[in-house]
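The lines below spell out each chain.
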Amino acid sequence: MIDRLELKNFTVFKDIQLDLSSKINVIIGENGTGKTHLLKAAYGLCAGAPLFKNRPDTTDDELEVALTAKLLRLFMPLDEKLGKLHRQGATDQAYLSAKFRGDETLATTFFNNSKELAIRDCSNYESYLSEAVFIPTKEVLSFMKGFNSLYEKYGLSFDQTYQDICLLLDLPEVRPENLHEKSKWAMEEIEDICGGRFVFYGGGKVTFKTDVAEYSANSMAEGFRKAGVLSRLLETGAIQPGVSGTLFWDEPESSLNPKLMKRLVQILLELSRNGQQIVLATHDYVLLKWLDILAKPNKGHHIRYHALISEGGQVTIQSADSYKELNHNAIANTFNDLYDAEIKRALGGE
Amino acid sequence: MMTVLTEGDLEFNFSDALHAFCFDDDALHGNHAMKRVDVIAEYEDKWVFLEIKDPDNPDATNPDAFKQKLLSGNLIPDLAGKYRDSLWFRALSDGLGSKPVYYIVLLSMESLDPALLLTQQDRLHKALPLTHSEWCMPFAAACLIFNLSQYQSEFGADSVRRISAGA
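Chains as they are written, first to last, in our numbering: chain F, 1 to 350; chain H, 351 to 517.
Next comes chain F alone, as it looks inside the complex (with noise of 0.2 Å):
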């Protein structure tokens, strides 16, 4: 779980903290503010989980070099270059860090012509060996067959989120009597939701199952492979509530009926409850207002709202655990617009 991050003169973040809620964290801001940015930085901040997990000998050589390769493969910079990543203009170093819940650190630094990164504080790194989940925008299960391997013998135009994406899907599921009560209880609400299930075989195969037939994942509606992911993420156990490492989600309501929205919202509030952290990128005001009217302080959930402002090409970043308090919602002005524009059409446009 981070507790803390923060950026430096990192792509247009100049100098960003923010401390994140335990339970679920909600980043908004119009396009170009850098919220992908700001998830993929902190996933790529918790890529040492995995690496330790491995070889808890990995020296911090060995370190810097797996975090640069993770970093150039989530942001695919020009060129492939570290440096390009570097915040145009800043005279000072980028700057990545995290915190996380157990005291562990990560702080490292690059500058605009750095190969590598350069780790300055690794304080129990090692020990944070929660893995953290990131589910991209796109959904996955129509094309994910054969994916993994396409993705390393070519170049293809997809960050590593989606390989990555791809190879926890592929992870056998846990024995039934190993998962969670919550991830049992959401897997039940995702089934009801889209009427069957999806059924992996390995190597990216994966169906559709109801009661009386089975289909191709693709016949399926966009939105009910997305939530068939969450599923699947669930049975695997990549998620796990109090056991994995944080869940990212760019863009939740992208290919999701609005009609799912508030169930989908019921599932997170809950898996939040119980120990999992999460942080979603979001432009939906579905999404919000239900975040906004389902989250109860009294039942244990919390959410913090972190809006990103972009003003004189500067980004900076306003915190708050109530949706009422943020002083800078662009989805909601958005429709503050709409409701301007409506009253004035109806009583005598301009």
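Hints were generated in silico from the structure; no laboratory data involved.
For each residue, glycine too, the CB sits at the ideal point set by N, CA and C.
One should not assume that every hint holds.
[What the hints assert, rightly or not] Estimated spans, in silico, between C-beta atoms of each pair:
#, chain 1, residue 1, chain 2, residue 2, range
1, H, E484, F, G275, 28 to 36 Å
2, F, G32, H, E361, 49 to 57 Å
3, F, G275, H, F489, 34 to 42 Å
4, H, H369, F, T137, 51 to 59 Å
5, H, N424, F, D211, 51 to 59 Å
Given the coordinates of chain F, assemble chain H onto it according to the supplied hints.
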């Protein structure tokens, strides 16, 4: 006792209230500049402060001025001020007892869909925070912006009717 109040083209039936009266009344207020909600109604278990905006009124005069008033930048401070001043006035005059106060704004405009009203309601909550960590009681129990059909589903199908539309 059946209390019927009219505001422009809308007729309100407050028969289930203990009493209801037009608060936006010069005879009551004199010429001070405090803002006022249109109606205050007392029920067994609550007070309702009601502000009525009726752009759908077919006989509305001066629609341009009305439009200016309804644009989000003007509407919210206006609505917030009306509740604030009215609550203060009422609390200093007859008092409100211990009953919760509901602030209801009826914005009767069919072309505004619920999502658009909801965002204005959120902005009103920001201007009139219902609770505060330093306060020992909420400023209002709720603060809601309804369109005509939402108002009717909350207060009953007969709670309001458009006079020009007949019975």
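Between H:E484 and F:G275, does the beta-carbon spacing fit 28 to 36 Å? Since the Cβ atoms of H:E484 and F:G275 sit about 33 Å apart, the hinted range of 28 to 36 Å holds.
Confirm or reject the claim that F:G32 and H:E361 have a C-beta distance inside 49 to 57 Å. holds, 51 Å
F:G275 and H:F489, beta-carbon distance inside 34 to 42 Å? holds, 35 Å
Tell me if the beta carbons of H:H369 and F:T137 are separated by a distance inside 51 to 59 Å. 57 Å Cβ-Cβ, so the 51 to 59 Å window holds.
Is 51 to 59 Å respected by the C-beta to C-beta distance linking H:N424 and F:D211? holds, 57 Å
Hint violations for this structure: none, all hints satisfied.
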